[in-house]
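My request is simple: use the sequences and hints to build the entire structure.
Going down the list, the sequences are from chains A and B.
Be aware that the first sequence starts at 11, since it is given in the numbering used here, and climbs by one per residue.
Be aware that the second sequence starts at 11, since it is given in the numbering used here, and climbs by one per residue.
Note that these hints are calculated values from the structure, not bench results.
Ideal placement from N, C-alpha and C gives every residue a C-beta, glycine not left out.
Check the hints yourself; a few may be wrong.
Claimed, not checked - Across the chosen pairs, the derived CB separations fall in these ranges:
1. Asp-35(B) with Gly-211(A): 47 to 55 Å
2. Leu-193(B) with Gly-99(A): 35 to 43 Å
3. Ala-187(A) with Asp-61(B): 19 to 27 Å
4. Leu-193(B) with Gly-221(A): 41 to 49 Å
5. Ala-187(A) with Asp-24(B): 34 to 42 Å
6. Glu-29(B) with Leu-67(A): 56 to 64 Å
7. Leu-16(A) with Arg-87(B): 33 to 41 Å
8. Ala-22(A) with Arg-87(B): 41 to 49 Å
9. Gly-89(B) with Leu-67(A): 38 to 46 Å
Stated by the list, open to error - Here's a subset of chain B near chain A, in silico, CB distances under 7 Å, partners left out:
10. Pro-48
11. Gly-49
12. Thr-78
13. Ala-82
14. Gly-86
15. Gly-98
16. Cys-101
17. Asn-130
18. Leu-131
19. Val-132
20. Lys-156
21. Leu-177
As the list claims (entries may be wrong) - Listed below are several chain A residues computed to face chain B (Cβ distance under 7 Å; list not exhaustive):
22. Val-15
23. Gly-49
24. His-110
25. Tyr-180
Spelled out, the chains give:
Number of protein chains: 2
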Amino acid sequence: MEVKVLRNILEANDALAGENRRLFDRHGVTVLNLMSSPGAGKTTLLERTLDALKGELGMGVIEGDIATRYDADRIGRHGVPVLQINTGGACHLDANMVRHALAEFPLEGMRLLFIENVGNLVCPADFALGEDAKVTVLSVAEGDDKPEKYPAMFQASAAAVINKIDLLPYTDFNLAAATRRALELNPRLAVFPLSCRTMEGFEGWLGWVRGMVRDRFA
Amino acid sequence: MEVKVLRNILEANDALAGENRRLFDRHGVTVLNLMSSPGAGKTTLLERTLDALKGELGMGVIEGDIATRYDADRIGRHGVPVLQINTGGACHLDANMVRHALAEFPLEGMRLLFIENVGNLVCPADFALGEDAKVTVLSVAEGDDKPEKYPAMFQASAAAVINKIDLLPYTDFNLAAATRRALELNPRLAVFPLSCRTMEGFEGWLGWVRGMVRDRFA
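Okay, here's the thing in structure tokens:
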């Protein structure tokens, strides 16, 4: 019974994600759905990315959190429109939450919309929001066994950011092993090891984001 | 509809957790349910705790993971009985999974059973397993805003371990702020900042675990 209910929920979600997708298409906006464990650094990655690209193209951010509007406040300081969704306990964003948020979030002039999901390396992988691509962020502090232990995330994503590489000397994280494990799960995954603190590796990630926006209009 | 289904699921789970609890009571075994984000260090905390206490009392471990038996293999090297549950996608352990595991996991002679939940700072908080207490592990690398952003975990727990304090010099984690935020959510929470690498702060945690076992027989 539980399985059937879940299937119905996912089918209903996919239908609403399709509606969101058509709205994004009409406005020509590229949408990236950022997912990770709590504290892997999604918000900091966003802050650095907004600062790097804000002279180039119109951007916006939808922040998903169970509680608080800390992340929206952080993003708001970077001069881009931001909208906070509080799920009130739910462990992931779904297409309906995003649809409601979009009703009060003008897409005019926007070329790139980031949706930062609830910090959770499991559930968000199953819920399409209407995005062009999912991005998984993994922090070096979490350990290099995480791709195999949380495979759905890496299988569902087009890109994976391995964040906080400035912590590599203080952990036993094996970057080559983590990358290999992620690529075994998803050979088409674009993997970007980087640090939002030192900015090492950041240009590769920016190039991928720029390519996602460009390809939509190709 | 979704809410009603969830309530039915939680009620059914609570009933099964009560059955597990009666089984634990009959065997006089204290049960701790360890929860955290992926990679916060639950397994390493367990390895150090088993090594410290294995001369004192009989212990066992149930490992919950979506996939792989890496964690059970790690625990098995410490000479205690261990059983791996793979949830096959589910984002938390539930009482029924534990009940099935217990059918093949003898509790005779065991005084302390650790159940390591799936790495997820949201969903496991809602699902009782029959444990005496929940313990939340938070890593310094995750950021000091996590208690407020994931309040249910901290509200449901009797203890919180703030792990990886050896990384404090390399992060902007404010230990006093994180502790204050956790205690605002749950004034009865026992908070243990520690490092499983340097073992700083570990004795406080061990004292709490010993107290939990002792109090069951008081």
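How the hints compare with the structure:
no.	hint	verdict
1	Asp-35(B) with Gly-211(A): 47 to 55 Å	53 Å, holds
2	Leu-193(B) with Gly-99(A): 35 to 43 Å	21 Å, violated
3	Ala-187(A) with Asp-61(B): 19 to 27 Å	25 Å, holds
4	Leu-193(B) with Gly-221(A): 41 to 49 Å	46 Å, holds
5	Ala-187(A) with Asp-24(B): 34 to 42 Å	41 Å, holds
6	Glu-29(B) with Leu-67(A): 56 to 64 Å	57 Å, holds
7	Leu-16(A) with Arg-87(B): 33 to 41 Å	37 Å, holds
8	Ala-22(A) with Arg-87(B): 41 to 49 Å	46 Å, holds
9	Gly-89(B) with Leu-67(A): 38 to 46 Å	58 Å, violated
10	Pro-48	5 Å, holds
11	Gly-49	3 Å, holds
12	Thr-78	5 Å, holds
13	Ala-82	12 Å, violated
14	Gly-86	16 Å, violated
15	Gly-98	11 Å, violated
16	Cys-101	4 Å, holds
17	Asn-130	5 Å, holds
18	Leu-131	5 Å, holds
19	Val-132	4 Å, holds
20	Lys-156	6 Å, holds
21	Leu-177	6 Å, holds
22	Val-15	5 Å, holds
23	Gly-49	3 Å, holds
24	His-110	15 Å, violated
25	Tyr-180	6 Å, holds
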